[in-house]
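Student: Please work from the sequences and hints to get the whole structure.
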Amino acid sequence: MNNINFLKPDKSNLNLFLILGLSLVFISIFDVFLSSFFKINATGFLPTSISFLLPLIIGFIGLHFIRIEYSGIRRLDEINKNFNNNNFNAVLSLLIIFIIIKSIPPVLSWTVIDANISGNSKEACTGDGACWTYIKVWLRRFIYGLYPNEEQWRINLSFISLLALGSVGYFATEKFKKYLTLYYVVIYPIIAFLFIFFFISGGPVFFDFSYGIIASVVAIIIGFFVPNKFKLYYFCFVPLAVYLSLNLFILPEEYVELGKLEGLNWVETGAWGGLALTFIVSFFCLIFCFPVGMALALGRRSELPFIKYTSVVFIEFWRGVPLITVLFMSSVMFPMFLPEDFFLDKLVRVIIAISLFEAAYVAEVIRGGLQALPRGQYDAAKSLGMGYWKMHIFVILPQALKLVIPGIANTFLALVKDTPLILVVGLLEIAGMLQMAKTNPKWLGYSMEGYVFAAVVFWIICYAMSKYSYNLEEKYKTER
Amino acid sequence: MENRGIDFGYGFLSQESSFDVQFSLIEYDGSHSYFRAYLVGLLNTILVSVIGIILATIIGVIVGIARLSSNYLIKNTAAFYVEFFRNIPLLLQIFFWYFAALRALPLPQDTESIMGVFYLTIKGLFIPAFIWENFNIFLYSIIAAVVSIVVIKNYAKRKRENEGKQIPVFLISIGLLFILPLLSFLIGGVSLSFEIPVLKKLAKTSYIYEGGVGIPPELIALTLALSLYTATFIAECVRAGIQGVGKGQKEAAASIGLNPNQILKLVVMPQALRIIIPPTTNQYLNLTKNSSLAAAIAYPDLVLVFAGTALMQTGKAIEIVSITMLTYLSLSLSISVLMNWYNKKIAIKEK
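Quick note, the sequences are listed as chains A and B, same order. Note that my numbering has the first sequence beginning at 82, numbered continuously upward. Note that my numbering has the second sequence beginning at -8, numbered continuously upward.
A portion of the hints provided could be inaccurate.
[Stated by the list, open to error] No farther apart than 27 angstroms at their CA atoms in a straight line, the calculated lysine-lysine pairs in the DSSO-like style are these:
hint	chain 1	residue 1	chain 2	residue 2
1	B	Lys335	A	Lys558
2	B	Lys191	A	Lys183
3	A	Lys389	B	Lys335
4	B	Lys241	A	Lys162
5	A	Lys389	B	Lys280
6	B	Lys148	B	Lys336
7	B	Lys66	A	Lys162
Keep in mind the hints are simulated off the structure, nothing from the lab.
Tutor: Here it is, written out as structure tokens:
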């Protein structure tokens, strides 16, 4: 036990240093624990600044004592390696531990101990903590917006059936697997659209469009049975013909209330809101922005100068302006260019605006994937006699898209996080509902609870999305 | 458009605007023109973007390096920060800071000062104002310092390449940056005094601080939210950049006897910057564009002043929205040109 060097702890006096160091560290943490949980200031007799810094100093000395290399005790070595490998890291570790201990009591008391959840009015909130009653009372509004209470089963039913239809892919047998892409890209969006069109709206939301949509759906379905030779001509003329005939002969003006199902009340899009609207907007924007972005990405790499420069200008324009001005444009400027009797719902305009905006970002991501593919892939596909479309659909795009899954997931996440912005044009999804609830004279002063609630909801959605994209990336990873 | 009775033209820009703006960097009131209002909005947008970019870069670099720390606690705290702030919409974060966090601050009359001169109140942060005498001489001294630093740096580089001698450029630069402005104080007749904000009674229960500089809570909330949000993305770029430098590079650098600081400065960072700069440029662009969310909390930026108030007053939707979009487009383009120039400068020069 002779010549103990306190400045340089070593292995020969291991036990002494260990006991000394651990007890000092324990004292410092215990002091912080006491002062934060029980409000006892054990070092109160000292001057304020010293008593404030004392745990840090004591803990630092303690950590210095136990910093012994190759001590032979596995756990001690691990601690030293991970928390305590030099003075700087020791101080930072201590600070982080102290901050965690210090922040537990206020957070706990605000969210749980002093919080209220019972009751139905503001009077129930007596504690100092959060007033979850506010969230409880307003929950329906936060989820469904101003949608009438007795009609909300329509939203529930639509979303549940859409979820069920969306999960078909997991149960598909080998035989139907090859149709899945077609299903998810074409049929499923149409079903979703019909649900929202007929069921959630229950009224003439999009009716200026409905002929066009019905015409294109009918034409595409028939189009699958048309021989390849005539397909181009078919798709050039038939949808237009169907549209015109529907418009002029079969369904005249009186039938304009096409969107009405018997017995369902019409709920205007102005009344939609809350989380449901967030989902609707994100869903359609995701669906629309992907094909548009893909077309733009191919267009940017096209050899025809007109297509190439149009795509470049389009992409750079949308990427250069903020979404908020795009939304302003869609709501203030765009209607001026429409013919006078042409009606386009605000929600539809917003969805189109966001889709075009995000499509530009998707295009750049996909272009990255296209550029990353070696030339050999193109040459090989061409040498097999594939044309432009065949080459891209069967060889290039599957590989390129696989490469850019993380980028696309990021863009989609950005899209979901951008949806609250639609409140600037008066569509009240969840952030908008919060702003509305906040100004309700009966419930003044609970904005914090509202934001925490919305933040948790969005965090869960976005975090789940990012983890899912990570899984997808792992699943489609191919060795190169 | 004719049959809607809309006349198209930019003549309104020179008309009197007759609305007031809360916070302005240049002199402005209702008697000025719409063009002046546009300038006010533009300057406010640039102000918030520049502060946001600087703060976000500092936080982002620190967090990005912290994510690669060998300390388990630091690594996970940084990861927690990134995952937490990245997955919450920016608009909600701005609302949170503005409507919840900053509203919890005390009223001006109840505020205790920080170090006797700063007052953080519900009406904003009040800091002392600088009152300069002969400010231009001070400015010249700083310019002279910067110019001489550049000259010395070039000289040191030539010296190193020709004769292999190292000159402590960093120490000399810091010395110059201190000494030249100090000389301007001592000989140049520059003097600096502070105007400390004082509490003033406006009405029976309404107080405000006068004198000094008042930073409005909108600006604080916006910069906080923007920089904390964007810093998460920059942190990821920095992490990816440092991880992208091969392990062999570090080992090779260590084997020729460089110390850890030199390895980071001379070997890792120059290579990592090439990976970091392009995505970080994107983040700067995003921050500038996201600063338009200011309109949601009534910070008088370009969107609120021009595309909001001015549009409501004049009804010139097409002109105003197009001007706003073009302005943002040119802001974005100028940032990307600047960063591309920097990127080209640090790129590998292949011969």
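Student: All hints, please: hold or fail.
Tutor: Against the structure, the hints come out as follows:
no.: 1; hint: B:Lys335 / A:Lys558; in the structure: violated (33 angstroms)
no.: 2; hint: B:Lys191 / A:Lys183; in the structure: violated (37 angstroms)
no.: 3; hint: A:Lys389 / B:Lys335; in the structure: holds (25 angstroms)
no.: 4; hint: B:Lys241 / A:Lys162; in the structure: holds (20 angstroms)
no.: 5; hint: A:Lys389 / B:Lys280; in the structure: holds (26 angstroms)
no.: 6; hint: B:Lys148 / B:Lys336; in the structure: holds (16 angstroms)
no.: 7; hint: B:Lys66 / A:Lys162; in the structure: holds (13 angstroms)
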